[in-house]
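Protein chains: 4
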Amino acid sequence: MGNTFGKLFTISTWGESHGGGIGVVIDGCPPGLELSEEDIQFELDRRRPGQSDISTPRKETDKATIVSGVYEGKTLGTPIGITVPNSDHRPEAYTEMKEKFRPSHADYTYQAKYGRRNHEGGGRSSARETIGRVAAGAIASKLLASAGIEIRAYIERVHQIEMDPSGHAKEHFPTLEDVEATSVRCPDLKVAEKMIERIKQARSKGDSVGGVIRCRVRGLPAGLGDPVFDRLEADIGKAMLSLPATKGFEVGSGFSSVEMTGSEHNDLFENRDGEVHTQSNRSGGVQGGISNGEELFFRIAFKPTATILQKQQTVDLAGEETELMGRGRHDPCVVPRAVPIVEAMTSLVLVDHWMRHHAQTKAFSL
Amino acid sequence: MGNTFGKLFTISTWGESHGGGIGVVIDGCPPGLELSEEDIQFELDRRRPGQSDISTPRKETDKATIVSGVYEGKTLGTPIGITVPNSDHRPEAYTEMKEKFRPSHADYTYQAKYGRRNHEGGGRSSARETIGRVAAGAIASKLLASAGIEIRAYIERVHQIEMDPSGHAKEHFPTLEDVEATSVRCPDLKVAEKMIERIKQARSKGDSVGGVIRCRVRGLPAGLGDPVFDRLEADIGKAMLSLPATKGFEVGSGFSSVEMTGSEHNDLFENRDGEVHTQSNRSGGVQGGISNGEELFFRIAFKPTATILQKQQTVDLAGEETELMGRGRHDPCVVPRAVPIVEAMTSLVLVDHWMRHHAQTKAFSL
Amino acid sequence: MGNTFGKLFTISTWGESHGGGIGVVIDGCPPGLELSEEDIQFELDRRRPGQSDISTPRKETDKATIVSGVYEGKTLGTPIGITVPNSDHRPEAYTEMKEKFRPSHADYTYQAKYGRRNHEGGGRSSARETIGRVAAGAIASKLLASAGIEIRAYIERVHQIEMDPSGHAKEHFPTLEDVEATSVRCPDLKVAEKMIERIKQARSKGDSVGGVIRCRVRGLPAGLGDPVFDRLEADIGKAMLSLPATKGFEVGSGFSSVEMTGSEHNDLFENRDGEVHTQSNRSGGVQGGISNGEELFFRIAFKPTATILQKQQTVDLAGEETELMGRGRHDPCVVPRAVPIVEAMTSLVLVDHWMRHHAQTKAFSL
Amino acid sequence: MGNTFGKLFTISTWGESHGGGIGVVIDGCPPGLELSEEDIQFELDRRRPGQSDISTPRKETDKATIVSGVYEGKTLGTPIGITVPNSDHRPEAYTEMKEKFRPSHADYTYQAKYGRRNHEGGGRSSARETIGRVAAGAIASKLLASAGIEIRAYIERVHQIEMDPSGHAKEHFPTLEDVEATSVRCPDLKVAEKMIERIKQARSKGDSVGGVIRCRVRGLPAGLGDPVFDRLEADIGKAMLSLPATKGFEVGSGFSSVEMTGSEHNDLFENRDGEVHTQSNRSGGVQGGISNGEELFFRIAFKPTATILQKQQTVDLAGEETELMGRGRHDPCVVPRAVPIVEAMTSLVLVDHWMRHHAQTKAFSL
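Note that the protein sequences, when read in sequence, are chains A, B, C and D. Using the UniProt record's numbering, you'd call the opening residue of the first sequence number 1 and step up by one each time. Using the UniProt record's numbering, you'd call the opening residue of the second sequence number 1 and step up by one each time. Using the UniProt record's numbering, you'd call the opening residue of the third sequence number 1 and step up by one each time. Using the UniProt record's numbering, you'd call the opening residue of the fourth sequence number 1 and step up by one each time.
Wrong hints could be hidden among the right ones.
Remember, identical chains collapse to one label, so a pair may be satisfied in a single copy or spanning two.
[What the hints assert, rightly or not] For lysine-lysine, the following DSS-like pairs were computed, each having C-alpha atoms within a straight-line distance of at most 27 Å:
#1 Lys-7 / Lys-190
#2 Lys-7 / Lys-362
#3 Lys-74 / Lys-98
#4 Lys-142 / Lys-63
#5 Lys-200 / Lys-311
#6 Lys-142 / Lys-362
#7 Lys-311 / Lys-205
#8 Lys-74 / Lys-362
#9 Lys-142 / Lys-7
#10 Lys-190 / Lys-311
#11 Lys-63 / Lys-194
Note that these hints are calculated values from the structure, not bench results.
Based on the provided sequences and hints, a complete structural model is requested.
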């Protein structure tokens, strides 16, 4: 129930934050793709906590092993199994969570749904679950790269610190290096510095902050996306809203579209050097649920992490009011680490729609 | 591809705006539900254009017929087929659209994807497609009502005119009558009046405006929603983003969550008269993708309609630049008519998750 | 639940034998296929009862209307809706069935499952449901024909009357005319005559007989079918076993394979004029769940129809023993009419796998 | 593509016979089921080769580890990951298979489909893939047992040696001990002895034999199965035909139904001690695709294994004719080892339909 994503290029993730490990099965991958554990490890390392001054001090090694589906360096077309063992097993750190529900976490709802839960480290609701998504996304983005499609996500806002909108202009498509230049993954280095300050400030108070990730895709041809329920933006929106801590999603002009009239908002077509393009791109690269060949872009809001190092009121398993102490480690801003996850989920949706589009419109010669 | 929605309670819609008609097949409906064509017609009438001073003058009758799945006034458990004939067939009104792509419509992308399209009235991308969704939603909301779950959507903003946020407080859950009191479907009558003025103003200029719909659900028990990909908010978000003209989705605090710190944003648990509740509801009724028993609420941004009565630059089928005249009818603000559609899609997601939840946690006695 | 078939080329059928009609929605059809109502009507007429001396005297007109998805004579890529009204409405003919369960029909099980049923003419369990399948299959076989794939089903046995096995040899691939030459659809005219006699004999006693259909496919390339659960023969087997009255399925050597040893059964490879082929074809065209380029063939057992014109013991709704009179019309052997249905289901499975195969192995250039 | 089975209780298998291992992810399992690695190991040991005088001398250890989804001895409701490492890695034993296609294996078709394959031990087409199915089935049968449903499969035929049909009578439902009494898993000990002789005889000639498995289910309530495509027998038939080496499937009277007339074949209803039952059970426990409360039974034909120790003609990768030597180990009759696999697949289908049935007919109080 709900642990498989995709229709043709599907991933099924398994694993809790504490237990034997985390893994993913990728089904439907085309045969013949060159794939190594390094390809996957590169993206996992980007996701891994404990790498920088603004992250949790928790050290996760997150070493991926490909256990099936690859032979002599290339994919076989059969399911690719990837496993990542859990290394940081400290059940004693979670004693308090056994009896008390952490506010704005999934503790209470898992207990309500299943009547039981693995309380250690959040169990299945832990952000560790996204390891499987990132591993699968590494494969999907290799496929997209072979078709000339490039995905880049970055932080545009942390708490009240925000990039200047001009930085998102079409001509400023940041490189991976631009994004990875700082631990906060904002390509505007000056703003990045302020964001890092803001995060450190939150950490010093045992508090947390959220932020906004922008994701941009170029090289996408017109025609991807399936009306009516599986619109490209609907499937991408679902992918993003399936990530922990997300509260909002916008494609193109998003909520700000409401401030415009139709005559202000419409993207007029023009012929640019023999190719049809739109003059503006308030649509964000999709019209009627189908890509139109312009840059695809969207934004995702991440709330401040629920884990804070402050005393909070809560209830226990019996429903009695009590206090949660909030000792231990915490990550004052998880948004930078969500950047590779957003890219991974985007690439999974795009590969799936690429394959669907091909199946319906290219398989028969009509 | 993409014309079926849901896993257990599934709907498959068919039909173009011009052609034999529009329809839907609902599969998985429980047997024994009392169902009449009036139940469905009631919701279709709410969706229908041409009803008010702020809507298009186009008169659609949209008469629903149940062609299968109901016997002696109750559902059989077999697929429910519903058909609605198209009545407004005026192919000559669409001659210009045959050769020219309307800006910010799906004309260009359908042509790019399929190599052909029914240009009359937008074909499959027409808002008429939502008739099938509304018909199916009428059934889903009867099921939810039997379980004490109530859904209410309304307009909270049109262009720059916005309700006061206090109107969305938990204690102000509007009745259907409150919402239907004005043609703009905003329960704050004073604000509604201003919205109507704003829409009339846009119409007089041949322009259009968008808006924001808020949807609220009460009576939802804790436990609905499936981690990790089929989170309740992810499935609802997809449902909303699959509606024409939507550009953004927020659950709970949404993008505004970014302005808060974790200690400000967390919803603390308390014991209220023997029941566990959260003091605040910034989560919007879901935590970790699963309902927590509080009110579920979310917001959807609708861009201003792309159809305007103004001359616009565009290209033709051959890619040559040309002008679109924009004669004919138009609906200056479709958002009020989207209210019953939002409710329909919400009810479809909730029924599906209700059935999934029961299948996994109640089918066996463990 | 269970009314949709296929993964990429999907069909959803709806309708009971008595009620507004029967229909099907086909989703995923490639755009650009020439399609007319005549294409569909041709196959529906083959399925229709009341056409010959050995069939039921019931006259069904079964007139198909394409209500969406086709524009200017070609498919749009959007869902194709097809409806067929019910014409033979005689509720009074079914009074007895309201209270009594017909032996070996679905009356009792539908009542047990859903707590209610449309007893008129079998409701959803009626063979009329296959109308939707045949209509969809007519489209699928046009797609296959464009790829050089040809499907032919025929009767090889009725009760104890059986064709000589030599008639199934590779070189005797019957034409459609061969099959349609007699009302019993056995291409061996002498045997066909005996079968017709046997059926008339059963009819004169108010009894019924079953039979075996063989289905053969030529022109199928190697590579269709997905290990491990969606093997080609598994998906075809499911398709066949989903037809009313089927009790068995065999691919290739079938149950008779058990009589051989491995050295007798193995199909040795050879190089025939530069192409790899197997010398024999006991595999029936599939190895490891994937087509191998040889002729695909399989057999389906249809039990004698449960409807007979004889008095039978049964129970009523209250569970009391009673007698069913068995008045009215009956079809002493439905197997000949199942021939186009078998072809339809086969073509649906093959188109789906064709599209899947292309999506996985041809969409990316690796 | 094709590596996931089930709709609500789904399993996704991964792994090749040679490589990192074999595994399965089970999604949708109800929470609260007591589950240990021993439960799974018990069934894996039944499937494991190398256990008896009639099996391959290959020793596989097949040690299962539960890596997620179980906490403090009970299922969590989250995905259950199970891994089984491969131990018998001898790539040199498969050198010949790298260049030559084994007759009636999947070598040629995998190469044709994917353009590459893991030739060692059959790769993904190896019977080792069924380990994941058996592990998942062990969980499913625990769920069924909690609902009073019992599944028993056994060998009824090996080559020409067959049990007397009276042994399958309703009153002779064999115990697990009856089946496990001999290595050939035929509950009739005298016949079992002859079967073992027959298998040893085949082995001495380097040849192989096939057989027929019968599977019986008791305790199944009326109402499971979904018309029209997901009939219970259609889903079970697909499950069986997805097993390696299967060539035929029959439910109830199967192909022999064709020898009867309708009046001979119909199962008359009677009231037996206040309960509705059928006098005979030629339907095999399903009518109209839905269980009727009688014993469910079906038969599966397994061809003789393709691996034999005899020289055979074949072609190589280049299509040139050559000879395959057939050295090494072989299993002269795999059918006894398929018994637990048949039970596993049956239990997976039944749990899935149990959950579906519950979702549609019990989730709402109507």
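We went through each hint and held it up to the structure:
1. Lys-7 / Lys-190: So Lys-7 and Lys-190 fail the 27 Å test inside a copy (42 Å) and across (47 Å) alike.
2. Lys-7 / Lys-362: both (18 Å within a copy, 17 Å between copies)
3. Lys-74 / Lys-98: between (44 Å within a copy, 16 Å between copies)
4. Lys-142 / Lys-63: within (20 Å within a copy, 34 Å between copies)
5. Lys-200 / Lys-311: Within. Shortest intra-copy distance 20 Å satisfies the 27 Å Cα cut-off; inter-copy 53 Å does not.
6. Lys-142 / Lys-362: For Lys-142 and Lys-362, the Cα distance is within 27 Å both inside one copy (22 Å) and across copies (16 Å).
7. Lys-311 / Lys-205: For Lys-311 and Lys-205, only the intra-copy Cα distance (12 Å) is at most 27 Å; the inter-copy one is 57 Å.
8. Lys-74 / Lys-362: Classified as both: same-chain Cα gap 25 Å, cross-chain 16 Å, threshold 27 Å.
9. Lys-142 / Lys-7: both (19 Å within a copy, 25 Å between copies)
10. Lys-190 / Lys-311: Answer is neither: 34 Å inside a copy and 44 Å across each miss the 27 Å cutoff.
11. Lys-63 / Lys-194: Neither, since 32 Å and 53 Å both go past 27 Å.
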